[in-house]
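Colleague: Since the structure of chain A is provided, determine the placement of chain B on it from the hints.
Chains as they are written, first to last, in our numbering: chain A, 1 to 116; chain B, 1001 to 1112.
Read the hints as simulated data drawn from the structure, not as lab findings.
Treat the hints loosely; a few may be bogus.
To be verified - Covered by chain A, per the in silico footprint, the following chain B stretches (three or more residues, Cβ under 8 Å):
| no. | stretch |
| --- | --- |
| 1 | 1011–1020 |
| 2 | 1044–1055 |
Stated by the list, open to error - Simulated pairs of lysine to aspartate or glutamate, EDC-like, Cα-Cα distance not exceeding 20 Å:
| no. | chain 1 | residue 1 | chain 2 | residue 2 |
| --- | --- | --- | --- | --- |
| 3 | B | Lys1068 | B | Glu1041 |
| 4 | B | Lys1107 | A | Glu44 |
| 5 | A | Lys11 | B | Glu1041 |
What the hints assert, rightly or not - Covered stretches of chain A (in silico footprint by chain B; criterion: 3 or more residues with CB under 8 Å from a CB of chain B, positions within the stretch not fixed):
| no. | stretch |
| --- | --- |
| 6 | 32–46 |
| 7 | 52–62 |
Model, not experiment: these values are computed from the prediction.
Where a beta carbon is used, it is the ideal one built from N, C-alpha and C, also for glycine.
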Amino acid sequence: GAGVSQTPSNKVTEKGKYVELRCDPISGHTALYWYRQSLGQGPEFLIYFQGTGAADDSGLPNDRFFAVRPEGSVSTLKIQRTERGDSAVYLCASSAGTSRRNNEQFFGPGTRLTVL
Amino acid sequence: GQNIDQPTEMTATEGAIVQINCTYQTSGFNGLFWYQQHAGEAPTFLSYNVLDGLEEKGRFSSFLSRSKGYSYLLLKELQMKDSASYLCAVRDYSGGYQKVTFGTGTKLQVIP
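Bound-form chain B, shown alone:
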């Protein structure tokens, strides 16, 4: 099974940079996702990492270290609309199955 840990809440200032960490333990790692979820809405895809390193997409970047079971999501030039929950999710492949397990999410509040 998987164990996914991420901070419950974070606060950051508009225009700043924030890093949201995620650690995981899994037996058959096959990729890590980051999703954004605004209150009352469905999650929307941000990034996917399966190899070590940094993936950059506009203001958002995601990093993965498989040996450390660690990922982070980096948000630059924060905007008020970035206030949301950020979900780390791990795909696990074992026994012929592929399951995606989500963490509990990090609620980010962006303040002026």
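For reference, chain A alone in the conformation it holds in the complex:
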């Protein structure tokens, strides 16, 4: 596809359940970011991948959150034992690289997660 895609667009789940959120970056983009955004706030950094490896996972709030990118393309954000406070829009972004010329991040439409 031409842009970053995320599925599902909306996810409603019950407290305590497990969810997976998927991100398809722009083809060829080596850098991939996950953020979450609450209403009226800026995106909050979660994790950054360079290729297959997590170059910075310092934004993951706790060990219930985990993300993978096994082949350096599609990434999955996994949340275990969801809590109501996890409700937010989860945004994925990709960039061609991280140098000055190619670090523009292209965002996907987001997945709105609601934990009841």
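Modeller: What follows is chain B alone, placed relative to chain A:
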């Protein structure tokens, strides 16, 4: 870590010029981004500054002063469609990591 400050809300008149300021504190500055976000949509890239000075791109310009930890986004010839949130984001490089931290955004309302 980073501390990014920008005004919460601003109002400006169609056709006018508006300047949105952003101040930051970071230990390993490696660039500053401005993004535009319309309500209910994902952020879209506007500009990136890593060196001091002004970068101009059409109606939008972005300025950076690294010594002052300060940036601004300048929007000229405002249009109604410019009503959106404008997010300042700082890339920080420390300990081998590169993290991008966003401010809370400035909600700009353009009025006729």
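Colleague: Just to be careful, I want the Cα atoms of Lys1068(B) and Glu1041(B) compared with a cutoff of 20 Å; is the pair within it?
Modeller: violated, 32 Å
Colleague: Take the C-alpha atoms of Lys1107(B) and Glu44(A), compute the straight-line distance between them, and say whether it is at most 20 Å.
Modeller: holds, 17 Å
Colleague: Three residues or more, CB to CB closer than 8 Å: is that satisfied between the stretch 1011–1020 of chain B and chain A?
Modeller: It is violated, with 0 qualifying residues against the three required.
Colleague: Counting residues of the stretch 1044–1055 of chain B whose CB is closer than 8 Å to a CB in chain A, do you get three or more?
Modeller: holds (count 4)
Colleague: Has the stretch 52–62 of chain A got at least three residues whose CB is nearer than 8 Å to a CB belonging to chain B?
Modeller: Three-residue rule met by the stretch 52–62 of chain A, so holds; n is 4.
Colleague: Is the listed coverage of the stretch 32–46 of chain A by chain B valid when you require three or more residues with a beta carbon under 8 Å from a beta carbon of that chain?
Modeller: Our answer is that it holds, as 8 residues pass the Cβ test (under 8 Å) against chain B, meeting three.
Colleague: For the pair supplied as a hint, Lys11(A) and Glu1041(B), confirm whether the alpha-carbon distance does not exceed 20 Å.
Modeller: Holds, because 17 Å separates the two Cα atoms, which is no more than 20 Å.
In summary, the structure is inconsistent with hints 1 and 3 from the numbered list given earlier, while agreeing with the others.
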